[in-house]
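Participant: Chain by chain, the residues run as shown.
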Amino acid sequence: MANADTILIVGAGPAGLEAARTVAELGKKAILVEAKADLGGTPYASYATLTPDLKETEASMKHMLDAVQQNPAVDVRVNTRIVKSEGALGAFRVSLSQESKETVEEVGAIVVATGFQHFDPGRETQMYGYYEYDDVITLVDAEKMFKEGKVVRPSTQEPPEKVAFIQCVGSRDRQIGNKYCSKVCCGIASKQSIEIKRMLPNSKVFIFYIDMRMYGFWEDQIYWKAQEEYKVNYIRGIVTEIIKKGDKLLVKGEDTTMGRPMEVLMDLVILSVGMEPSKGTIEMSRIFQIPREEHGFLQVVGGPLDTVSTPVAGIFVAGAAAGPKDIEDSVSMGAAAAAKAVGVLNRSALHV
Amino acid sequence: MPSDRYTDVALEEKQRLFNEVKADARYESYLYGCYECGICVAACPSARFYDFSPRKITQTLAREDVELFYEQLNDDVWNCSQCFSCNRCPRQNSPGGLITIMREVAVKNGLRTTKEALAGYTRIIYKIMTTGTQVSPDMLQEDAFPDWGPQVKAVSENLDVWRRVLPPETLHTTGLSWQVEERTMHELYAIWKMTGCLDMIGELDEGLHDIMEEIMDDALEESGLVAE
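Protein chains in written order, with my numbering: chain A, 1 to 352; chain B, 1001 to 1228.
Don't read these hints as lab results, they were simulated from the structure. We treat Cβ as the ideally placed atom computed from N, Cα and C, and that holds for glycine.
Straight line, CA to CA, 20 Å or less: simulated SDA-like cross-link-like pairs of lysine to any residue: (1) LYS197/A to TYR1032/B; (2) LYS231/A to GLU1020/B; (3) LYS1022/B to GLU228/A; (4) LYS231/A to TYR1027/B; (5) LYS197/A to ASP1065/B; (6) LYS231/A to ARG1026/B; (7) LYS204/A to ASP1065/B; (8) LYS244/A to MET127/A; (9) LYS231/A to GLN1092/B; (10) LYS231/A to GLU1067/B; (11) LYS162/A to GLN1015/B; (12) LYS231/A to ALA1023/B; (13) LYS162/A to ASP1065/B; (14) LYS231/A to GLY1033/B; (15) LYS225/A to GLY1033/B; (16) LYS225/A to GLU1064/B.
Quick partial rundown of chain A residues pointing at chain B, CB under 8 Å, derived from the structure: (17) TRP224; (18) GLU228; (19) ASN233; (20) MET258.
Please build the complete structure, drawing on both the sequences and the hints.
Facilitator: Below you can see the structure in the form of structure tokens.
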């Protein structure tokens, strides 16, 4: 079998990078395909720091990028898209398009790590005025400011006195069609609230939530830390709508903690947008014929006991292409998918 | 939104009282953070009978919601029985401890609502501060405690005899819950004076304060204990 030793990895975020590194470490060759010009995926492109340790993303992830870029066993192709796939386990023929130049690669197994995209808060039932009010932004917009070392109201470029996060934007909402929790937004909002308080110690920061979901060590590393050390106000109750009042934003909701309706003026509102399957993930579902599970992400077959095998033999999934994941899950899945991909190639080589 | 009961009080005054609570040395170890688990309310005996929530008190302080704090300082803190069942908080907050601090600030500042809440306790304050014991046997009169049943009358008529039946000699008292050494009483007076507890009563009930101060000063002068 000609290329049984090569594994194609689609997407170079944390999951794809870890999959490529692991494939190389297990003695096989990897082709790592990335549609964008840069490696590192969504965290690298959009987040100044990582959750929960608040360390700078670029510095933290550098060793992952180096591990594939400086590795002769990893063939890195940026600005490259998958356009077609034929064949089956042990002998996939995949057409790649790089700046309108098409090539066909023969690979034994495939790891899809095409990740998620952030929910678009302008959609349907969202009454938060993201596209109307300059001072309503998303977690991603906030990270862009943090990269420049500042936090300001976009309308005035002045530092805000009162900042509100609204959780579960695009998540846990049957009306929108996303019944799932996006898993990381509680942690990211808490992380950002700490960063805002560090930059603006006199500001007041509120987080409006349904439930705070920060598992394991995130509990005391970011949730308790934000609340106890940085005096971030967690208010249980989701904002129904945002109305412009003078140059402020009137936030309306129910303070269920105190059992009363609530209207507060804010200078800056940050929407904690959730995860949806990325366009790339949907595209890979079509090209590789991987079924999507009921929430729209790529389906895995093993329930909680096999997080990376898809119903298609020889094709594995890693990271947020399979559903909302944090970075540690994505990296773990990347290594697991790589190990299983190498495993099926070893087995098919023995049968020959 | 807070009620409109205290709109006549300036925000600065509410903030001043809040700062006084926050400045207390115990505050930091009584308040960490709250995730609204409700265990304090579940454990709270007062919450079963009054519209009272130790969780809301803790949450209000954590949020530094000055308006709501002022409302609770006036309307809620005297509903607490200070049993500290709420101390089982998994975040290690002490809602009861926070209420202790709030009560002290309310008393020191002579809030009108505090005077009203404590008006019925004048006799008990007097008894505790001048004798070191709270309810004495001779307070158990038929007319004062009709709900205790007909035996109260019989007991109160021969109180001295009944008390002398009790084995410990220190309980052969009628005007005190138990016998208190004179020296202990004098030390107690010195403590009330030196810690400012007696002065706190001055803000609450000037008349009561003056009566107790006279008793304590006379006793201390006689005893030779210096209270300054």
